[in-house]
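Each chain, written out:
There are 2 protein chains.
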Amino acid sequence: MKKAVVLTSGGLDSTTVLALSRSKGFKIYALTFDYGQRHKQELSSAKKVAKYFGIVEHKIIKINLRCFGGSALTDDIKVPQGGKIKRKNIPITYVPARNTIFLSYALAWAEVLKAQDIFIGVNAIDYSGYPDCRPEYIDAYQKMADLATKESVEGRLIKIHTPLINMSKAEIIKKGIELGVDYSITHSCYSPTRNGVACGKCDSCILRKKGFNKAGIKDIIRYIQD
Amino acid sequence: MKKAVVLTSGGLDSTTVLALSRSKGFKIYALTFDYGQRHKQELSSAKKVAKYFGIVEHKIIKINLRCFGGSALTDDIKVPQGGKIKRKNIPITYVPARNTIFLSYALAWAEVLKAQDIFIGVNAIDYSGYPDCRPEYIDAYQKMADLATKESVEGRLIKIHTPLINMSKAEIIKKGIELGVDYSITHSCYSPTRNGVACGKCDSCILRKKGFNKAGIKDIIRYIQD
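As you go down the protein sequences, you meet chains A and B in turn.
For the first sequence, position 200 matches number 198 in this note's numbering, and the numbering has no gaps at all.
For the second sequence, position 161 matches number 159 in this note's numbering, and the numbering has no gaps at all.
Don't read these hints as lab results, they were simulated from the structure.
Please note: incorrect hints may appear among the correct ones.
Pairs count within a copy or across copies, as identical chains cannot be separated in the list.
[To be verified] Derived lysine-lysine pairs resembling BS3-like cross-links, with alpha carbons at most 30 Å apart:
id : residue 1 : residue 2
1  : Lys46     : Lys207
2  : Lys112    : Lys60
3  : Lys0      : Lys212
4  : Lys157    : Lys199
5  : Lys112    : Lys76
6  : Lys199    : Lys46
7  : Lys46     : Lys76
8  : Lys1      : Lys76
The following block holds chain A by itself, in its conformation from the complex (with noise of 0.2 Å):
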């Protein structure tokens, strides 16, 4: 069996990614980053994931991107919410270089496993704006990887999976559901309340609560509006 790191965020997309590369017979190493999110709920959120799907190892490494600041989602700015998502605006909950940052530790982590596939659940569909999960980045990304480890050098590529990219939030849904996901133990929101109830207000509650309406499923977590 091949290895695979995993990002796993606690969410839905990358536990649905968890799921598809669980299906496709990959040995999952999930990484998970305590990067100082005010939404500290998904890394339980990630904890029940990595249980319930009983992958090999899952590392939550803290790495501070408070010390940056700059995004609604680590620093003193107020999460927007209610609004509509707008692509030409990328919104204030973007974090900089935030993918950039979790696919280079994915890397390392690869490299020293001499595991040659990475996942991650990015989408530029039902999306956010935020121009680290669009098709070009993972590309350059790619081509920049290649280049980047001591296992390239020596022709052994580390590849990186992004099988959700072109996939709407709703066919995500199904799919996950198709592959066993409990999407009850998932947390998407930006800004939930101290015991981790969802706004319903915030752009990924939107996207999320959207998906869950159009591939007419029922979402059991909770919203503060219920």
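Dock chain B against chain A, hints included.
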């Protein structure tokens, strides 16, 4: 004055880069990593260097690359000594994806600062053969960075400068001396004594000593065999 993020290890190359970027009129934001390196001595050198040059801000970021291991610099693997540097074999002192991780943090900080310039002291002449020091790697990283950030989408690209990439160690030292660098506060050794005295035998010491010799300049740091 334009801002620049300068990767500063406390070593000879990055200190020269700091002097160079300062001489070009940049306001310097120095970035250093406490990444679990066994030669922690370089952190105290980085602090001295930052102080010496009177920069705007110096961030020392703690990241734990020991959690992955896979290198003589972060793991319980002996640092090779007294060998000849062979370009074909990447030595065990290579740290998986280190420059990729370092540059990704620099990119995040540059984006938050609205700095459009990052400086890194990679060198592909008198070096240990690390893949992430080569021009083709830096070019690919640049292309990825140009797609990674909100700043780039909005037309403000962040440029990665590698002023030393094609210089010999002797040329780097001569340039530094010309710019007023005090190399006695820098640290290069991978395997120093507890008191920070350089071993004189690891790849990094060998490259440093050869550079000073060729430049005809006396290196006034202490080596064990002195």
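For Lys112 and Lys76, with the copy left unspecified, which applies at a CA distance of at most 30 Å: within, between, both, or neither?
Classified as between: cross-chain Cα gap 21 Å, same-chain 41 Å, threshold 30 Å.
Alpha-carbon proximity between Lys1 and Lys76, which holds within one copy, between copies, both or neither at 30 Å
Between copies only: 27 Å across chains, 39 Å inside a chain, cut-off 30 Å.
Under a CA distance limit of 30 Å, which applies to Lys157 and Lys199: within one copy, between copies, both, or neither?
neither (36 Å within a copy, 37 Å between copies)
Intra- versus inter-subunit Cα pairing at 30 Å for Lys0 with Lys212
Neither: 35 Å inside a copy, 49 Å across copies.
Status of Lys46 relative to Lys199 across identical chains (alpha carbons, at most 30 Å)
Close inside one copy (24 Å), not across copies (49 Å); limit 30 Å.
Since the copies are identical, ignore which copy is meant and state whether Lys112 and Lys60 lie within 30 Å (CA to CA) inside a copy, between copies, both or neither.
both (23 Å within a copy, 25 Å between copies)
Given a CA cutoff of 30 Å, do Lys46 and Lys76 count as a within-copy pair, a between-copy pair, both, or neither?
within (28 Å within a copy, 39 Å between copies)
30 Å Cα cut-off: does Lys46 pair with Lys207 within a copy, between copies, both or neither?
within (21 Å within a copy, 53 Å between copies)
Hints 3, 4 from the list above are not met by this structure, while the remaining hints are.
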